[in-house]
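Asker: If you're matching them up, the sequences are chains A and B in order.
Convert by adding 1001 to the 1-based position in the first sequence; the result is the number in our numbering.
Convert by adding 152 to the 1-based position in the second sequence; the result is the number in our numbering.
Some hints here could point you the wrong way.
In silico BS3-like pairs for lysine-lysine, Cα to Cα no more than 25 Å straight-line [stated by the list, open to error]: (1) A:K1036 - A:K1124; (2) A:K1183 - B:K227; (3) B:K226 - A:K1036; (4) A:K1184 - B:K227; (5) A:K1183 - A:K1124; (6) B:K227 - A:K1036; (7) A:K1184 - A:K1256.
Don't read these hints as lab results, they were simulated from the structure.
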Amino acid sequence: MLSFLTDFVQILFQTVRDVLPILTLIVFFQVVVLKQPIPNLRNVIIGGIYVVLGLTFFLLGLEKALFPIGEIMAAQLSAPSFVGANGATEFTWGHYYWIYIFAALIGFSTTIAEPSLIAVAMKANEVSAGTISQWGLRITVAIGVALALAVGTFRIVTGTPLHLYIMVGYIIVVIQTIFAPKKLIGLAYDSGGVTTSTVTVPLVAALGFGLSNAVPGRNPAIDGFGLIAFASLFPIIAVLAYVQITEWRTANLIKTRQ
Amino acid sequence: MIFLKKLWSAVTDLIPIILVVVFFQLFVIQQPFPDIWEVVIGSIFVVLGLMLFIEGLEMGLFPIGETLAYALAKKGSLFWLLSFSFALGFSTTIAEPALIAIAKEAARISADAGLIGNHPTTTSNYALGLRLSVAVSVGLAIVIGIIRMLKGWPLYYLIIGGYVLVMLMTAIAPPEIIGLAYDAGGVTTSTITVPLVAALGVGLSNTIKGRNPLFDGFGLIAFASLLPMIFVMGYGLFWF
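With the sequences and hints as input, model every part of the structure.
Answerer: Structural data, given as structure tokens:
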């Protein structure tokens, strides 16, 4: 319990330092540039205290829960006793299939429940005048993130170079951009950013680090990263594809009716 | 009631993870989970912290940030608008929880691998430097995004240009930084940055004639994921 307390005080001080720039910015622009008093000063002060306390609790909990969960799951699912349960001693990438399934499930479930994605899906439905369904888009993005994490863990297990995957992904995005309906491109690009939430990022990162530690011959400093990059890139591809397919289907529907 | 609703929305962030992990523990791994109580207490902290954090943002920061963004967009002074945009991107990124966590972890891993010194001051400087380079790049990304909106340049030209730059930097950056740099792009845009930047974008496209807030407001976040990759690779060139 004492270690919790000393950690708490230490993180609290750092957090105050981290939140200071935003407060300075708002006070400076409100008072010096716009020359107006701060509205609802009491709320701003209480809100500021909440932000500092909340951030401190979150960071502490992250170190005690989210990071360990990710690392322990990776370690348990890639332990030789678990991977080689059916008598294998030499492991190829195929033996680590539980890791890929776990990563895909985490990706799918966290994305389906992600509040900012729900907001984006509502906007997309509005912009497209109803042709893009909210659930269709959410499931598409969730499948995109699930695939991203499965491929990402496969990459860590095999140790293949990250930039090759990303480069292929970029080429696909560029080709899709040429054909996609122009007004939805910005939305698709932004969907990459909204899927990776504050809770998911640390967990997924820890999963990657833990996996690169456990698989023989992998270096965490080089192989441990990349899961978050995949989780931001794949949804762009998924959304562009979804938008494209919806467009074709609507066009076909109109043609057959004529 | 409102308190319960906030608590529930923080819990729903964690529920999918808990379900998947518990399922795997019970049916696939079937082994005791180490330090289970510390993890449980930590999870409660995560929920509590996230709830307080978002409540605080909605009480104080978001309303004032949004009216400020709107007022500055209307004021018509390009200098103040762009300085505000930069400072907004910079300061929200410095306070971004996921980035704080990842920077610390990345510093630990680099120290374990012997890439940087193992001294606590060295690792915390490395983590802070990492966050500063991401914060500067997000600030610049927002400035570029605003200029794009004012000039009406097509979004995809800049994104494709950004991709080309990322690839060029990958060719010269040390291999130890590439993975982290790519991840930095996805980390930057979460809890604080997105709502405030979106408010700025929507406020701005409302004040410019012939701009649609729904289309132009989009795309600011996409820049904020691209530029950090380029800057963190630059940071790696400087360190290794």
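Asker: K226 of chain B and K1036 of chain A were given as a pair; does the straight-line alpha-carbon distance stay at or below 25 Å?
Answerer: Distance of about 15 Å is within 25 Å: holds.
Asker: Are the Cα atoms of K1184 of chain A and K227 of chain B separated by 25 Å or less?
Answerer: Distance of about 28 Å is beyond 25 Å: violated.
Asker: Are K1183 of chain A and K1124 of chain A close enough, with their CA atoms no more than 25 Å apart?
Answerer: holds, 16 Å
Asker: Taken at face value, is the distance from the CA of K1036 of chain A to the CA of K227 of chain B at most 25 Å?
Answerer: This hinted pair holds, its Cα atoms lying about 12 Å apart.
Asker: Given the hint that K1184 of chain A pairs with K1256 of chain A, does the C-alpha gap stay at or below 25 Å?
Answerer: It holds: about 22 Å lies between the C-alpha atoms, which stays within 25 Å.
Asker: Taken at face value, is the distance from the CA of K227 of chain B to the CA of K1183 of chain A at most 25 Å?
Answerer: Violated, at roughly 31 Å.
Asker: Within 25 Å, alpha carbon to alpha carbon, are K1036 of chain A and K1124 of chain A?
Answerer: violated, 35 Å
The structure is inconsistent with the numbered hints 1, 2 and 4, although it conforms to all the rest.
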